[in-house]
Every structure is written in C-alpha cells, then in structure tokens.
Amino acid sequence: MLEIKDLKVSYGAINALRGISLTVNKGEIVTLIGANGAGKSTTLRAISGLIKAESGSVTYEGKSIFNQPAHKIVSQGLSQVPEGRMVFANLTVLENLKMGAYLRNDKAAIAQEMDYVFNIFPRLKERVKQQAGTLSGGEQQMLAIGRALMSKPRFLMLDEPSLGIAPLLVKTIFEKIVEINRQQGITILLVEQNANRALEISQRGYVLESGAIILQDDSAKLRVNDQVRKAYLGG
Amino acid sequence: MTDLLQQLINGLALGSIYALIALGYTMVYGVLRFINFAHGDVFMLGAFAGYYLAEPVAKVIPPQTYLGGIVVLLLAMLICALLGVVIEFLAYRPLRKRPKLTVLITAIGVSLFIEYTCQHEKVFGASPRKFPDLIPNTTWELGGLVVGSAQVIVLVTTILLMIALTLIVQRTKIGTAMRAVAFNPQAAALMGVNVNHVISFTFGLGSALAAAGGILFAMNYASIDPLMGVQTGLKAFVAAVLGGIGNLPGAALGGLLLGVVETFAGGMKGISNYRDAIAFGILILILMFKPSGLLGKQQTEKV
Ligand SMILES: Nc1ncnc2c1ncn2[C@@H]1O[C@H](COP(=O)(O)OP(=O)(O)OP(=O)(O)O)[C@@H](O)[C@H]1O
Ligand SMILES: [Mg+2]
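Chains A and B, in that order, give the protein sequences. Going by this note's numbering, the first residue of the first sequence is number 3, and it counts up by one from there. Going by this note's numbering, the first residue of the second sequence is number -4, and it counts up by one from there.
Take these hints with a grain of salt, some might be off.
To be verified - Straight line, CA to CA, 27 Å or less: simulated BS3-like cross-link-like pairs of lysine-lysine:
#, chain 1, residue 1, chain 2, residue 2
1, A, Lys131, A, Lys154
2, A, Lys10, B, Lys92
3, A, Lys131, B, Lys92
Note that these hints are calculated values from the structure, not bench results. The structure displayed is predicted, hence computed values, not measured ones.
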C-alpha cells in the first residue's frame, strides 16, 4: 500500500534520514521504533508532505506522492496524527473534528464518521463544546486520533500516541488503535518510543537509528531480538 | 453632559474606523505572525477607489443616495480585497520561509512604494482632494447633540461589518480554517487545508475592511490624499496591539477606545494640541500593565 525507497531528508546540514526504505501492506499495523532523534517523526513528516525530502520515492497505492504538498496528500486517503497531538487549542472539540473532515462535503457521511469517533472515544462526546486546549493530555490524544479519522483515511500514521499520557490511558489508546485497524480496515504506520507495546500490537516493525533502518522483522521476532531488547525494551 | 455625549459619539465614529483597519492588522498577524505595514495604504486606496467610483456609479444610481453609497462601498471593498490578495501574492508569499524581519522590511517597502507611486501626478497626485458626497448630507439635532448622516453611517456600517466578520470567522468552514491556521498552519495542512488559500482569503478580508474604513473616513473628513493612510494606519496598528494583537474583539475594542480617548483629549481646552501624545501615553500605560493587550492572551512566542 505504501512503499518508500531510499528516502533522504536533511535539515540544513543535518542528515535526518540517510536513505531509508520501508513497506506497509494493506491491512497491516507496522511500527517504526527508535531512540530520540532517530528520524521517526521526520519519516512521517516526509510521507505526509509537511517537509520536503531530498531524494528517494514514496509510492502510495501505486502512485507517487513524493514531495506533494500536505493538503494534497490527505485528499488521497493518508492521514497523520502528529507528534505532540497539535489539536487546535483555540477551537472546540466539535470544530476540531469538523476540521478533520475539511475536504469532505457529504454531511451524512461526516455525521456517520463522527458517530464512530464518539463511539470509540465517548469522552469526546461529553466535551464537544469544550475548547480543545482545556482537555487533558490523554483526551487531546483521543481528539487528535478522532480528528485524523474524520478524513476517512485508508492509511493512518500515528506519531508517538502514548507520549506524555497516563499509563492507564496508554493501554486504552493502544487498544483503540487495534480496534480502528480491525473494524475500519485502516492500515497503520505507528511510530513509538514505547517499543514494547508497539511491537505487541503490530505485525511487523522497523528499527531506526541515526537516520538509517538497522533492523526489520516480524514484531514477534523483534521482541525477542537481543539488540532490540537491550536498546529499546530495557534489557 | 451633552458635550461629553457629543464627544463620545464623535470618538466612537473615529474609533470605528480605527477598529475596521485594526481588524486587518490583527487577522494577518494571526495567520502569518507579521505586521503588514502596507495595510494603512490599502485603507487609503479604499478611499481613492470610492473617489473614482462615485462618478460611474452615479450614472446608474442617483448620487447622494444611501443605495449609491452602499454600492460604492461594496465595490471599493471588492477592489481592495483583490489588491490585498495581489500584494500578498507578489510581495509576501515568495518570502514565506524567510526570517520575519525580512518580511517586515518588505512590508515597509510595499507601503512606501504604494505611497510614492500614488503621489505621482500621473496617478493620484500629491495634493488633497475633496471627497464627493456619497450619501445625503443630513444632520440631526437631538437636545443639543449634533449627529451627521456620515457619522450614523460609520457606526451602522461598522456594526454590520463586524457582525458579518464574526459570522464568517466563527461559523463558516473557511473561517474555522482561518482560526486553525492561526493556531498551527502545519496541523491545518494535515487536515487538507490549503494554507496559501487561507492566507489569501485573510488578506482579502482584512483589505476589504480597510477599504470600508477608508470610505467611511473620507465621508466624515471630506479630504483624501495618498498619505492619509500613514497616520491613521499607524494608529489602527496601535489599536490592534492595545486590544491584543491576533485577537479580533481586541482589535475592535482597541480601535474604539483609541478613537474615544483621542477625541476627548482633543476636546479639552489647553491640551488639545497634545491629543495624540495623551492618547498614546494612555496606551503605553495600559501596555505597561498588560503587555499582551487588553484581550490578548499571554503567549510564548512560537518557534
Ligand atoms: N526542524 C528541524 N530543524 C533541524 N533539525 C531537525 C528538525 N527537526 C528534526 N531535526 C533533527 O533531525 C533528527 C531527527 O529528528 P526527528 O524529530 O525525526 O526524530 P524522532 O525520531 O522523531 O525523535 P523523537 O523520538 O525525539 O521524537 C534529529 O537529529 C533532530 O534534531
Ligand atoms: Mg519524533
């Protein structure tokens, strides 16, 4: 469904991605793990068009989306939940969700999508009128995911959805990611530092280190891999 | 008492004009985080658009009628909206990824360019011109209060435009997108928003309001010239800062307050020559105690 080949990105003199290749097949949950500064967010930002890559290729459903502007990429069914959530703090929960459906016009379909979001995150429904900036970190994460779903994506990228939220909620968030993947058939590329959980819910994983992919395998195998255990699973 | 009330009405009329211009400064700041110093010149161009439109419109709609006035106002707003879009496209968009200071200096350049081009004898010429009467020139006297039709029109038009603006910003899709872009352009782009379109729209909207301000100003003060936007534009900018830059109700409030304070200071015997000094002194005081402006939120600068 998504194929990246030899993708290179740099910020000025910093080479953030030094030619990475990865594939995500339809229906899969694939995870990308790595330490701080490895280039995980850069990968997602390059796919979703928030930054321009230097070279390489990004092919989605057989078509190149390499270096297209972000708003064109969403329209093709890719959606990103950005690092740090980036909910519109000055907008209400409802307005945030409507922004997620910005490119859609079918009111009935949008309402259906919203019902689905409220169904998986009932807490958002109780807070529709509230300014998003007043939500707790966990609720903001739910909103960020809900907002991304409102575009009815076929491919969803999540950048560290567990970052900075309470452990109990982390569990819920990961369960919901699996649910979204199973119920909606949405293919998922999950970036995480919480490698343990990410490898638990994914089928395959890639390990990124200093802008290069150093390992790739079935998640079950990565979980017992010595190198991965030492570096990312705390022994 | 009647005197005070009279001053208040005069002040609100002047303040309405500041408010209309201030809204454009604050909206553009909201989406781009920079001060469009050419905005005062769009205000001037609005007045001149009205000046040149008056005659052709009078051929279709009788002159000095409210309908004629409204048509001139709307056409001038439309022309300036397009101008605003073009200015942004030509001057600011190519610098989108450059340091803010570069864009700021460019804005000053655009402002000077417009001012000096318009002063050329083949364009408008430097000397002031008498603005034609667009609406019936009536004055009403109510228990010692004197209110002119132009003043009433300023207040009514300003209220209507502010209601329209609020509806656009709060209720429409593009308005919501504007607020989203103001908060975080990258996140807005991830929703499928074409950020450039929203920025164009914002410039168009702000410029239309400035044009309305220009015509209302010209109706009240009768004389227009290519440099009329300099001082008024600066004051409107101060009004936007006073209200809390980036905040729409703040810009409206700041404009009205500045107009009222200035008018009161101008009406006092012995100090009327210092009215700007007094008005700005009060503003400095307010900003000393509330640096983010009256309605502005304390914000850490985005990086
Ligand atoms: N806007 C930027 N300007 C300059 N360098 C950047 C920028 N964004 C990221 N980098 C650098 O690129 C490298 C990769 O950053 P990236 O954000 O992709 O890492 P990450 O794997 O997502 O890390 P984290 O887990 O901390 O989010 C880092 O060295 C980082 O310092
Ligand atoms: Mg990151």
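Exercise for review: May I ask which of the numbered hints given earlier this structure violates, with the numbers listed in increasing order?
Suggested key: 3
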